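Student: Sequence lines, in order, name chains A and B. When you line the first sequence up against the working numbering, it's residues 1 to 352, in that order. When you line the second sequence up against the working numbering, it's residues 353 to 704, in that order.
None of these hints come from the bench; they were simulated from the model. Computed from a predicted structure; not experimentally measured. You may find that some hints are simply not true.
[To be verified] Quick look at which bits of chain B chain A covers, simulated, 3 or more residues with Cβ under 8 angstroms:
{"id": "1", "segment": "415 to 422"}
{"id": "2", "segment": "467 to 474"}
{"id": "3", "segment": "506 to 513"}
[As the list claims (entries may be wrong)] Heads up, simulated DMTMM-like pairs for lysine to aspartate or glutamate below, C-alpha to C-alpha not over 20 angstroms straight-line:
{"id": "4", "chain 1": "A", "residue 1": "247", "chain 2": "A", "residue 2": "100"}
{"id": "5", "chain 1": "A", "residue 1": "110", "chain 2": "B", "residue 2": "449"}
{"id": "6", "chain 1": "B", "residue 1": "406", "chain 2": "B", "residue 2": "690"}
{"id": "7", "chain 1": "B", "residue 1": "462", "chain 2": "A", "residue 2": "97"}
{"id": "8", "chain 1": "A", "residue 1": "247", "chain 2": "A", "residue 2": "293"}
{"id": "9", "chain 1": "B", "residue 1": "589", "chain 2": "B", "residue 2": "451"}
Positions of the beta carbon are idealized from the N, C-alpha and C atoms, including for glycine.
Take a look at the letters that make up each chain.
Protein chains: 2
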Amino acid sequence: MSTAPACLGHGRVTITPALRAAVDRLDHRSRHQAAYHFGWITAGGAPTSADAGKAVRPALALLSAEAVGAPPEVALPGAVAVELVHNFSLVHDDLMDGDEERRHRRTVWKLWGSSSAILTGDAMLALAQEVLLDTGLPTAAPAARLLARTTRHLIRGQVQDLAFEQRSHVTVEECVDMAAGKTGALLSASAAIGAVLAGAPEATVDALALYGDQVGLAFQLVDDVLGIWGDPAVTGKPVHSDLRSRKKSLPVSYALNQEGPLSDELAAWLAAPGGPGGAGKPGEPGELGEPGEAELRRVAGLIEGAGGRDWALAEAARRLALAEDALRGVELDAGARDELLALGRFVVDREV
Amino acid sequence: MSTAPACLGHGRVTITPALRAAVDRLDHRSRHQAAYHFGWITAGGAPTSADAGKAVRPALALLSAEAVGAPPEVALPGAVAVELVHNFSLVHDDLMDGDEERRHRRTVWKLWGSSSAILTGDAMLALAQEVLLDTGLPTAAPAARLLARTTRHLIRGQVQDLAFEQRSHVTVEECVDMAAGKTGALLSASAAIGAVLAGAPEATVDALALYGDQVGLAFQLVDDVLGIWGDPAVTGKPVHSDLRSRKKSLPVSYALNQEGPLSDELAAWLAAPGGPGGAGKPGEPGELGEPGEAELRRVAGLIEGAGGRDWALAEAARRLALAEDALRGVELDAGARDELLALGRFVVDREV
Chain A
1 MSTAPACLGH
11 GRVTITPALR
21 AAVDRLDHRS
31 RHQAAYHFGW
41 ITAGGAPTSA
51 DAGKAVRPAL
61 ALLSAEAVGA
71 PPEVALPGAV
81 AVELVHNFSL
91 VHDDLMDGDE
101 ERRHRRTVWK
111 LWGSSSAILT
121 GDAMLALAQE
131 VLLDTGLPTA
141 APAARLLART
151 TRHLIRGQVQ
161 DLAFEQRSHV
171 TVEECVDMAA
181 GKTGALLSAS
191 AAIGAVLAGA
201 PEATVDALAL
211 YGDQVGLAFQ
221 LVDDVLGIWG
231 DPAVTGKPVH
241 SDLRSRKKSL
251 PVSYALNQEG
261 PLSDELAAWL
271 AAPGGPGGAG
281 KPGEPGELGE
291 PGEAELRRVA
301 GLIEGAGGRD
311 WALAEAARRL
321 ALAEDALRGV
331 ELDAGARDEL
341 LALGRFVVDR
351 EV
Chain B
353 MSTAPACLGH
363 GRVTITPALR
373 AAVDRLDHRS
383 RHQAAYHFGW
393 ITAGGAPTSA
403 DAGKAVRPAL
413 ALLSAEAVGA
423 PPEVALPGAV
433 AVELVHNFSL
443 VHDDLMDGDE
453 ERRHRRTVWK
463 LWGSSSAILT
473 GDAMLALAQE
483 VLLDTGLPTA
493 APAARLLART
503 TRHLIRGQVQ
513 DLAFEQRSHV
523 TVEECVDMAA
533 GKTGALLSAS
543 AAIGAVLAGA
553 PEATVDALAL
563 YGDQVGLAFQ
573 LVDDVLGIWG
583 DPAVTGKPVH
593 SDLRSRKKSL
603 PVSYALNQEG
613 PLSDELAAWL
623 AAPGGPGGAG
633 KPGEPGELGE
643 PGEAELRRVA
653 GLIEGAGGRD
663 WALAEAARRL
673 ALAEDALRGV
683 ELDAGARDEL
693 LALGRFVVDR
703 EV
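Here chain A stands alone, though its shape is the one from the complex:
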């Protein structure tokens, strides 16, 4: 993996005091659980500094103000707000997906139950808006509006993701639309919100939003390739992890929608893993037996043979180029633009 751009570590350091001050406003239970989720305390409440993720969204928000010539502080409430919305969605998604661990720590619902995860997530979402609107800046209203609309798209993506699990077929277009909601929308808002807070012209804001949308889709395409063919030593996930959960990811949806025997075989496996006579019932992934290594290797081969891997990587490169074009079409601070370009390449250019 390429080295993380300096803006990432810088973003985390810059926003943490403001993020902690915001979380301190919450009731004592939501505050405790949010502080645990962000890696500041252990489940018991002792100070710690666990991995809290790369903070890509806050880094984008800070850069987006710098890109339009404003000091990064202008974007600080926006950076805190997008990080709160991202983590609201993680806390709720972990519960919905039944994920017991995140970054090698137990998830909020696993430790404190589902009601706590619902309420702590709700509190983070409301807090994101409060942080923005408390600034009293005249640009807070359009920034808060962008964030509310983005949250709607983020939720739409999660709704689609859950719906796809119960369907035997999804089109590539539907799958891209889901990723645009679930991954693209908040990266787009993050890349634009600093410029919105700085009062930048609409065309500049739109270019930054388009950059974020396309980087988000490129990221998801690469992430989906890694979910099937990634090296466990690099990804930290089991080999073929997305196939184990039978996820209709982007390369899978591409392969499914091609003509030919490989696509038919893949569709048959997704509908009834283990082949004819298998115990699996379609639409009930939880009831199916865990497929073996050899079977997963065969299915990965079907997807690769039907062109799913090559398509996803080519599409990621195309999306990244569109993101870069978007930044070149408007006048931006050269240093911030270079950092945005480096950040885009970093999230896409992982070992595949």
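For this one, chain A is given, so just place chain B on it according to the hints.
Tutor: Relative to chain A, chain B alone:
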């Protein structure tokens, strides 16, 4: 029960088209489930007009604009927003509380599962902010800020409510604070948001907010009395319903915190219903056997004997008087003030 003030029916009629237009923006699943929850469609999607509640909050929002001399339309986005926040909390609370029915219809989680209820609630919360901020009014930002802060208090109230279930003792002050969050905060915001959108002076907004806070507490005090001593023919709930669930409501918390044998007996019953040798384990209400009618009558008598009923009714009357004082301390449109006073008396003055 006294006749509902005209503003209630009027409020429902006024906001429904705008509320439906807002819900139409949601993804197809959240839209369907929200439309069902609001009583516009059956679970299968056929048009209907089921009971959607009294719409007290939208009525307050519309009156609050009229009270400061603005046309009620100014408050319409605020009325829609408070109704969305109220219903976000109902959809999530029904899931957390395991309630299978609301207004004689199955709840969203019961029909479509817990993930759907989480996402549909999330979508309503985000939509509330979007509706306000889409107006582009200069007063939308303070209104959205009020709504975000209110949502934080609303969530705090639900966190406390769930925490109290697991505790053997709560003070009256804690119980009032919980009700101020869970019931008072959104009624307060509803009574103020129209004035905020109309750009009214801070003192006027504060008076309306105080009126809503106090009406909310008075409402909750009466509601808690009805939950123990209410006539099932009037309340539509089983007799002693709040005792069956061993809820630490306001009259119970008052009685618990008095000195004497009645209070001790009540505390013992809450800790181990059925008396010494009973099968119940404290802190695990779900595991306890259902107490019989005679036992519930006895416990209601303990609370009444310790002064819980009289205190709650006197406190409700005191709160209502404070609400009315708040409205008399500022200059308001006389007709709208009279309607606010009538609405306050209506929500408090039920058959007790």
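Student: Each of the hints needs a verdict: does it hold here or not?
Tutor: Hints versus structure:
Check on the segment 415 to 422 of chain B: 0 of its residues sit with their Cβ under 8 angstroms from a Cβ of chain A, so the three-residue criterion for coverage is violated. Counting residues of the segment 467 to 474 of chain B whose C-beta sits closer than 8 angstroms to any C-beta of chain A gives 5, which meets the bar of three, so the coverage hint holds. Look at the segment 506 to 513 of chain B against chain A: 5 of its residues bring a Cβ nearer than 8 angstroms to a Cβ of that chain, three or more, so the hint holds. Taken as a hint, the residue 247(A) and residue 100(A) pair is honoured in the structure, with Cα atoms around 18 angstroms apart against an allowance of 20 angstroms.
Taking the CA atoms of residue 110(A) and residue 449(B), the gap is near 18 angstroms; set against the 20 angstroms cutoff, the hint holds. Restraint check for residue 406(B) and residue 690(B): satisfied, since their Cα atoms lie roughly 19 angstroms apart, inside the 20 angstroms limit. A distance of roughly 18 angstroms separates the Cα atoms of residue 462(B) and residue 97(A); the hinted pair therefore holds under the 20 angstroms criterion. Straight-line distance between C-alpha atoms of residue 247(A) and residue 293(A) comes to about 16 angstroms, which keeps the hinted pair within the 20 angstroms bound.
Of the pairs offered as hints, the one joining residue 589(B) and residue 451(B) holds, with about 13 angstroms between alpha carbons and a cut-off of 20 angstroms not exceeded.
Violation of the numbered hints given earlier is confined to hint 1; every other hint is satisfied by the structure.
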